[in-house]
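Participant: Quick note: the sequence shown, position 340, residue 340 per our numbering, numbers continuous.
The hints are simulated quantities; they were obtained by calculation from the structure and are not laboratory data. Honestly, I wouldn't trust all of these hints.
Label-pair distances were calculated between CB atoms; the ranges are [to be verified]:
(1) Asp555 with Glu159: 31 to 39 Å
(2) Arg456 with Ala124: 17 to 25 Å
(3) Ala162 with Glu548: 30 to 38 Å
(4) Arg43 with Ala248: 39 to 47 Å
(5) Leu442 with Ala44: 29 to 37 Å
(6) Thr257 with Asp196: 18 to 26 Å
(7) Leu622 with Asp555: 25 to 33 Å
(8) Asp585 with Pro646: 55 to 63 Å
The beta-carbon is built from N, C-alpha and C at its ideal position, and this holds for glycine as well.
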Amino acid sequence: MTELTERAVDPAGHRRPGNTGAGAPPAPAPVFLGRRRELTGLRADVGRAGLDTMAGRPSSRARVLLIAGRPGTGRTALAREFARRFRADGGCPDGVLRTVLTEPGGGPVPVERAARELLGALGAPAPPGADADESCEALRAVLADRRVLLILDDAASAEQVAELIPDGRGCTVLVVARGPLTGVADVRPCTVGALDQHAALRLLARGAGSTRITVDPRAAERLAEACAHLPAALLLAAGWLAAHPDAAVARAARAMTAPPPGVADPGDPVEGGSEAGAGTPVEPGDGPLERAFHLALSALRPPAARVLRLLVLAPAGLVDAHTAAALAGCSVGAARRALRGFALLGLVRPVDPPERTASPDASSGGTGAPGAGGGAGDPWPLYEVPGCLDPLLRDLVRRHERPADVLLARARVLERTVRRLVACRAAGEPEGSPARERSAALPSTLRFSSREEAARWLTDRLPSLSASARLAVADGELDTLARRLIAALAAALTVHRGEDGAAPELYHLHELMLGVAERQGLDGERAAALLDLGDLDLATGRARQALERYRAALDALRGLGGPGTPPPVGRALESIAGAHAELGDPQRAADWYGRALSRAQATGDRDAEARLHGVLGQAHALTGEWRPALLSWRAAAAVHRRRGDPRGHAAALAEVARVRGCAGEFEEALRAGYDALRAARAAGDRRLEGRVRLRLADDAQRLGLPADARAHRRAGEALLRGGGPADGGPGGRNAGPSPGGAAGDGREDGPPRG
């Protein structure tokens, strides 16, 4: 995630361990220190002509700026400050987008995922299953007419950046990376390194207070030099000083420059800390950042130090009190206090709500005061481990944690996440539903007070929830928990966003479930995932890919059987038929629908039998096979009657009349229409009755019965408008109002006019 910034807070704004409750006063907004030359250069570079423009050709793509520097130099803080000023100057009236292109642990973020998150933040999610090219193309299309600042933080390669650059010249791209990006044309890097002496001392004063700096300016200068004037190291040293209000600055300076343990002066140990109690000696490091990190670590008791190092196991590097408590196996209250203490020391950074996604407001403000912890009124504030500290904490995990303990910590996080998702889904269900009743047994800290709170939590935590699912599947040792997590996340997304709104995320969850099922040899779950993926592929126009998935699902299901619930072979057969129909092959579609019908008849599934008779009738009608279509719709009507479904029976009879008319059998069509009319009135379906009357009007006109045709048409149009004539036209009195039926949409569904 983002690097530790050079922002901090005045001593008066620090939330001491005894003053971190809900009633604590908010800390003042931090002031950005230094970097005037860099900010001026970046602002000037926005309007500087690129090579294309200098050659007489207008630039076809967005302007790209680059901030290059090692982790710990405050490069992300500089990007945020530039974004704040650029937006205030009107440079990006449509907002600021930010995404991070490096995973915790150092791996690159796939371009497709970055583009998908940016599209989601813009309210234009990519189609389910879209690949990198489709997602990036969709992102460029959405940004074509907007003026935004796009921050690509911690870019791993030029290829990542090139795919995400908008085509519109109104956008500006600000890339944050370790070094030059030689693969991106016309980029002038703004290199950042150490702070100047004045800014470094001011940053230390934020933790130590101006008095301690004034009393011993030489010690402050030595401490700044020991930190190599790096913002991250200075902020950690300032955090240690803030946690030790009675310690002299010289003490921190000596600790930063002390020899390894065993050689240090025993008369001057570095002792704890913000949580009280003795700390550990400062360990030697390879550089100033490592020494500053161990200085801050020395302020923690061993239990708190263990909580800290386990934070790197948090998915996506995002952690709240629930995640920290699960990782360390402690209470939620203890984890909440520990996170506030870590924020005071500069070891974690509070994440403001807009920064939790790649939202248009993600960079409009600062990093938040240490210890503040998230947005106003957030009962479970979110934090992140600064990227520059991630490798140091991972090294501590390797040295101090057994693999079995790490696995147990991951399992506890997954279990707690599943329970939170169960409560999140339940909050979106109606009162008295089974999900609500099950969630009532959960601890109060896991439940949500309202549907709105649960939906907000789901949106804020979605990056870490998605990362939890990906990591659990990749880990391979917790597949049972991974399956539960994927199912719980899919259910929560469906309840709060609906199937269409959740489709992009559901597609990737089904892919993850497919991977687990294949690894575990679970043919039933493999088939279910393939069927769900095929449905989403078919809905987005990838019929050929959907057909392949459906066939693979059928192969997986054929090996299942035995007592219990029969496998959904019928669904696979029907899905294959639907894919063939979508591909424009009605003959094969009819063949596969016939197989599905035989399966439904063999298993006694009357609902599927009635439906499949209907789709077979439609498939035959598409190819002009009127006799098979007529037989199918008659069979559908008979099954609906046996099922006790009067509306389905009436709709099937209406289709019988339509097929008769299409076959040119107008007298038979008229008689079948009157049968359908009586059935529709008996079912109380006024809209179906209206559509049947319009068909009767067409058939009567063909047979030379103009008076009957006019009467049927008047009655049908009145019924479809929501009213109804007093006499009901030929055929009797109208039935009462009811919801619409399923027999088509007006006279266009009737037989062709003569």
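Participant: Which numbered hints does this structure break?
Facilitator: 5, 8
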